[in-house]
Amino acid sequence: MSKFGGSNNKKEVPQATSSSLSDIVFMLLFFFMVTTQLRETENKVIVKLPEATEVAKLERKDLTSYVNIGTPVKHLQAMYGTDARIQLNDSFKTVDDIRDFIAAERDAMSEADRSFMTVGIRADEDVRMGIVTDVKQELRRCSALKIMYAARKPGVDK
Amino acid sequence: MNTSSTADIAFLLLCYFLMTTTMGEPAGLQRRLPQIPDSKNQQDVKVNRRNIIIVKINSADKLFAGNEAIDVAFLKDKVKEFLANPTDDPNMPEKEMQEIEGKMYPVSKGVISLQNDRGTSYQAYIAVQNELVKAVNELRDEWCLKEYGRKYAKLDEDRQKIARRVIPQNISEAEPKDVTKKR
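Taken in order, these protein sequences are the chains called A and B.
Quick note, my numbering runs 165 ahead of the 1-based positions in the first sequence.
The letter at position 115 of the second sequence is residue 103 when you use my numbering, and the numbering goes up by one with no holes.
Rather than coming from a laboratory, the hints here were simulated on the basis of the structure.
All of these numbers come straight from a predicted model, not from anything done at the bench.
You may find that some hints are simply not true.
What the hints assert, rightly or not - Each computed DSS-like pair below joins lysine-lysine, with the alpha-carbon atoms no more than 25 Å apart:
id	chain 1	residue 1	chain 2	residue 2
1	B	K50	A	K318
2	A	K318	B	K122
3	B	K66	A	K318
4	B	K122	B	K97
5	B	K50	B	K139
6	B	K122	A	K311
7	A	K318	B	K83
8	A	K318	B	K68
9	B	K83	A	K222
10	A	K311	B	K97
11	A	K318	B	K97
12	B	K64	B	K91
13	A	K222	B	K64
14	B	K139	B	K66
15	B	K83	B	K50
Unchecked claim - Chain A stretches covered by chain B per the calculated footprint, using a threshold of three residues with CB under 8 Å from any CB of chain B:
id	region
16	261 to 268
17	271 to 281
Stated by the list, open to error - FRET-style restraints, in silico, Cβ to Cβ:
id	chain 1	residue 1	chain 2	residue 2	range
18	A	F196	B	K139	27 to 35 Å
19	A	K213	B	R20	53 to 61 Å
20	B	L6	A	A243	48 to 56 Å
21	B	E69	A	S308	13 to 21 Å
22	B	D77	A	D272	30 to 38 Å
23	B	L0	A	D248	36 to 44 Å
24	A	L241	B	M7	54 to 62 Å
25	B	P156	A	K213	30 to 38 Å
We put the CB at the ideal spot given by N, CA and C, even for glycine.
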């Protein structure tokens, strides 16, 4: 009779097993690993992307290099002012440095992929077109002709 | 074996990835810049006057399309009408019969020329770019519905390619030197 709930386990509540907890957490972990990507560079400029409804997703994320344009972040404003600046990789650069940046990015790619290289222009929505035009002209001179104006879909905050 | 610490380890890993990664795919408007013109053998591509619509944004973010002031909201319809030219208006772009994949299609020769000032805000510029892309996308959708009974996004790769050739996205970004002169 003790098989079907004998008198000895009336008082004891069996402890909840925590062995499945790790499985659940691992599943969460994998979810985040798959859906997110590593943040490669630290943002030194404030970039609030403009809205656009007709955005297309990039086919090859790994072949994209980014040029960030915007005002420096708060704690750097004392040193760099509030004028719009260009950030390449991890530091502030001028338009003349774009040539070296593109060359370096090209070298890092395999021969076959070089023609598919895209330059993403991540510019703040309050930036004036003057600096963007300068960047575009420099890109043309480096014959990096495939560009993308980064934008966000309306309603998605970033 | 005692497995109670696995959960802790997994939590630590989870926290690490939550901190260092960002959500969201990079997306945007893709464009091809024109080649730098060769100074030695510069040859002007003659574009007929009727085939070009000039979209201009001045430093106060005011928009002009074909010499008249216009609101961004109406730009799409104007560009669509310009590219499609449904009434074969002699002031609007001509069409050229082109053979694409064994069939003849009328292809509009219209070009949108986008000009901006150095003082134009990036937001206004992207808004206009977006409207232009939307106009072309809608024309493609309409054409695909008529031709294949489906929208562009739902077609296979080959048919999308045909649609892209029948309704090309000819947006030219003017040389900045032209713009500074007008300033």
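Each hint tested on the structure:
no.	hint	result
1	B:K50 to A:K318	holds, 23 Å
2	A:K318 to B:K122	holds, 14 Å
3	B:K66 to A:K318	holds, 24 Å
4	B:K122 to B:K97	holds, 18 Å
5	B:K50 to B:K139	violated, 33 Å
6	B:K122 to A:K311	holds, 20 Å
7	A:K318 to B:K83	violated, 34 Å
8	A:K318 to B:K68	holds, 22 Å
9	B:K83 to A:K222	violated, 31 Å
10	A:K311 to B:K97	holds, 23 Å
11	A:K318 to B:K97	violated, 31 Å
12	B:K64 to B:K91	violated, 29 Å
13	A:K222 to B:K64	holds, 22 Å
14	B:K139 to B:K66	holds, 22 Å
15	B:K83 to B:K50	violated, 31 Å
16	261 to 268	violated (count 0)
17	271 to 281	violated (count 0)
18	A:F196 to B:K139: 27 to 35 Å	holds, 32 Å
19	A:K213 to B:R20: 53 to 61 Å	violated, 26 Å
20	B:L6 to A:A243: 48 to 56 Å	violated, 31 Å
21	B:E69 to A:S308: 13 to 21 Å	violated, 35 Å
22	B:D77 to A:D272: 30 to 38 Å	violated, 52 Å
23	B:L0 to A:D248: 36 to 44 Å	holds, 42 Å
24	A:L241 to B:M7: 54 to 62 Å	violated, 22 Å
25	B:P156 to A:K213: 30 to 38 Å	holds, 32 Å
Hint compliance for this structure: hints 5, 7, 9, 11, 12, 15, 16, 17, 19, 20, 21, 22, 24 are not met, and every other hint is.
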